Amino acid sequence: MYVRFPDAAQGANGVKMSVHRRTAAAVAAAVALSLGACAPGGGSADKNDTPATVSTDVAAAGDVTLKLTNFWGGAEGEWIKQVVGNFEKKYPNVKIQATTEDWGQLNSTLNLQLQDDGGPDIATANNGWQSLGTLAKGGLVLNLDAYAKAYGWDTEVPTTIARQNRFTTDFTTMGSGSWFSTPMARTSLIGLYYNADKLKSLGIDPPRTLADLEAAAAKAKAAGEVPFEYGSLDSSTTVLLGVQALLADKKKVNDYIYGDPSVKATDVAMTDAIALTKKWADAGYFPPHFEGIDYQTAVANYVGGKGVFRWEYTGSLGLSAQQQGHFGYVQLPQQSGSGTVGVGAAPGAMVISAKSKHPDVAAAFLDYLMSPEAGQAAADHGLVPAMSPDVKVPAQSLSLTDESAAAATLDSDDGYVPYFDWSSPTMLDTLGQNLQLVLAGKLTADKFTAAVDKDRDAFLAGRG
Amino acid sequence: MSTSARSTSVGSATGAPVATDGARPATSTAVRRRSRRRRTRWVGLAFAALPLAVYALVVLVPLGQSVQYSFYTWDGVSTPSWAGFDNYRSFVTDPVLRSTLGHVLVLICFFALLPIVLGLLSAALLTRTKQPGMAVYRWIFFLPQVMTTVVIALVFKRIYAPDGPLNTALRAVGLDSLARTWLGDFTWALPALGLIGTWVTFGFCMVLFISGTSAISPELYDAARTDGAGPVREFFAVTLPGLRGQLAVALTLTITAALRTFDLVWITTHGGPGTSTLTPAVALYKAAFQNPQVGLAAAIGVVMAALCLVIAVVITRVSERD
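Sequence lines, in order, name chains A and B. Mind the numbering: the first sequence is residues 1 to 464 in the numbering used here, read in order. Mind the numbering: the second sequence is residues 1 to 322 in the numbering used here, read in order.
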């Protein structure tokens with residue numbers, strides 16, 4: 001941008017004009033040149049065929065080095081390090097170079113990294129249209145159907161988890177069709193944490209139903225406690241989605257998120273869920289001035305002993321081994337009484353780059369990530385294991401014992417529903433913004449549900 | 001010098017042996033001088049070629065690409081489809097995107113107008129008589145300008161927190177009814193963010209105006225005082241006209257800063273509550289990096305760039321007019 005200030009503009013007017021004009025001409029020429037070129041880059045020939053012949057024999061592949069880019073730090077970083085080490089021990093001919101990037105950073109650059117010849121062979125993507133769907137549609141990640149067949153993923157992975165990794169190859173539908181990513185022997189759920197010490201001193205048992213929870217919250221409030229630690233400054237949606245999973249029909253939620261236009265947001269209890277959230281807010285179940293509290297502060301407050309319950313993603317409280325003994329977790333059953341349904345997904349969708357020279361070895365690693373060994377490694381690092389029924393969890397960790405039990409229940413009930421924001425790329429913003437409006441009393445529950453439908457339907461219409 | 005000497009000697013060698021025509025040498029000198037000037041220009045361009053090429057590569061080409069992308073619907077990966085002016089039209093059809101322009105107008109009041117008024121006032125007060133410790137005042141007020149926005153945003157997030165210093169202070173003096181969740185309040189979040197901007201740009205404006213005032217000839221002030229002007233009259237008759245250049249600089253920089261506001265909003269409110277503090281720059285970031293809407297992001301960027309350019313040009317033109 002060419003900005004001139006009056007101090008500098010001492011020259012004769014004519015000279016100044018011609019400089020301006022020439023700059024304008026240069027800009028115009030540059031614009032014309034680039035416009036003259038064809039449409040923007042990308043759009044490489046959409047190659048979405050699965051490999052014709054695949055091998056599951058890793059030892060026979062010779063010396064192979066794979067690059068793995070992931071967004072896991074902390075305990076998750078330790079976990080992947082151990083899993084990579086175990087895999088390399090199992091197959092000494094394979095070396096895996098793992099690189100860790102910040103979640104937001106990797107999400108916004110993965111499409112560029114996968115287009116690079118020196119890019120990663122394996123990467124963690126984000127499920128949904130926003131990331132995985134776009135990468136699959138652009139032909140940047142491998143169609144894994146052949147491997148799913150070779151390794152039997154179709155039968156081993158719970159259907160509600162498997163669907164999260166599938167897209168039809170015309171890319172109009174998520175939740176069915178070909179495998180483009182795999183989950184792992186870990187899961188990330190939305191559920192209810194409770195402060196075990198507080199419940200004990202209030203004389204309340206951990207709730208087993210939604211009715212129990214409401215009774216407990218009323219009792220806690222009467223005793224001068226904050227029932228739910230929560231802050232809405234950066235539009236946290238865990239309460240809403242946690243409640244929705246208790247009220248909604250599992251199949252309908254899945255269908256809604258996977259883009260079935262005949263299912264509307266009212267059919268998936270969105271209005272009931274937001275109304276209950278608002279009811280709790282009005283009853284003073286959230287902390288005073290929760291609209292000015294951000295997510296980090298709310299988490300710190302809860303771990304620091306404020307509030308009795310908190311709706312949260314598993315693993316996000318960052319509890320130390322000692323604290324894990326003082327916080328419990330419940331995956332409440334459905335209000336209707338028909339089994340347990342929870343919002344949950346693998347904490348990352350594992351993809352293989354379409355440019356990878358060793359897709360067979362990469363697929364073997366993906367399969368290993370879903371193995372019980374990887375699940376046990378997760379539990380050893382205090383992470384919630386999944387698809388590993390025989391996993392051993394340290395007994396003194398109340399929260400991890402509860403979380404693992406919840407994952408096991410969801411595995412056996414096949415009761416997962418995906419994160420609601422997968423239904424459209426802008427859904428997370430829509431939910432968050434309108435949730436703040438409802439909590440401020442500026443939007444009714446019905447209008448909230450209408451805004452959710454409008455967002456998703458606009459996206460479905462645009463995708464054709 | 002040597003070039004000129006050589007060309008003169010060459011000229012006389014090729015010229016007529018005897019200067020019969022008085023006008024002729026003069027004409028050929030003029031031609032030669034012009035050709036020399038042309039050569040100098042080419043040499044100058046040759047020196048400028050590399051920087052120009054770099055400029056074209058890192059500024060003009062991306063600019064052109066952005067303009068191009070803005071006419072497509074594109075997720076950044078798969079084949080783009082032609083969208084015509086749809087991305088630009090969403091500034092009219094999308095109420096949320098449209099509202100970002102209104103938010104920017106509010107921010108301009110806080111980032112540009114308020115600091116300039118305060119800066120003029122403080123400059124007028126501080127320069128009237130020599131105060132002890134002037135440099136310290138200047139240093140203190142200029143400090144926010146050199147601080148990273150991220151740091152400023154985090155500090156103010158704490159100040160505006162429900163139990164933060166601001167609310168504590170209000171409650172301490174009995175103004176409990178004024179205490180509120182500043183950043184979580186639909187009415188107050190945007191002004192609260194705006195005041196951070198005022199705090200940041202005020203010192204810059206003040207320092208700029210103080211240095212501008214010191215460049216005004218003291219004789220003008222003497223003349224005004226002789227004519228019986230009071231401090232107010234003096235300010236409007238001498239100081240303000242003398243600061244026209246500085247005002248243009250301050251306006252251009254602060255208004256474009258308001259237009260580009262991103263980090264402040266991103267760190268404090270993410271554009272919320274609702275969309276009440278969403279700015280075009282935040283909308284651009286969300287479209288480009290969170291949702292695969294590269295075309296829309298490019299259109300927002302182009303509109304912002306055009307607005308910045310228009311504002312700069314208008315301010316320059318107006319301030320230069322006599």
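Read the hints as simulated data drawn from the structure, not as lab findings. Note that the structure is predicted; figures quoted are calculated from it, not measured. Some hints could be false.
Example chain B residues on the side facing chain A (calculated, C-beta under 7 Å, incomplete) [said to hold, decoys possible]:
id: 1; residue: S78
id: 2; residue: L121
id: 3; residue: A224
id: 4; residue: T226
id: 5; residue: D227
id: 6; residue: P231
id: 7; residue: V232
id: 8; residue: G272
id: 9; residue: G274
C-beta atoms are modelled at their ideal positions from N, C-alpha and C, and glycine is treated no differently.
- Which numbered hints are broken by the structure, listed smallest first? 2, 3, 4, 5, 6, 7
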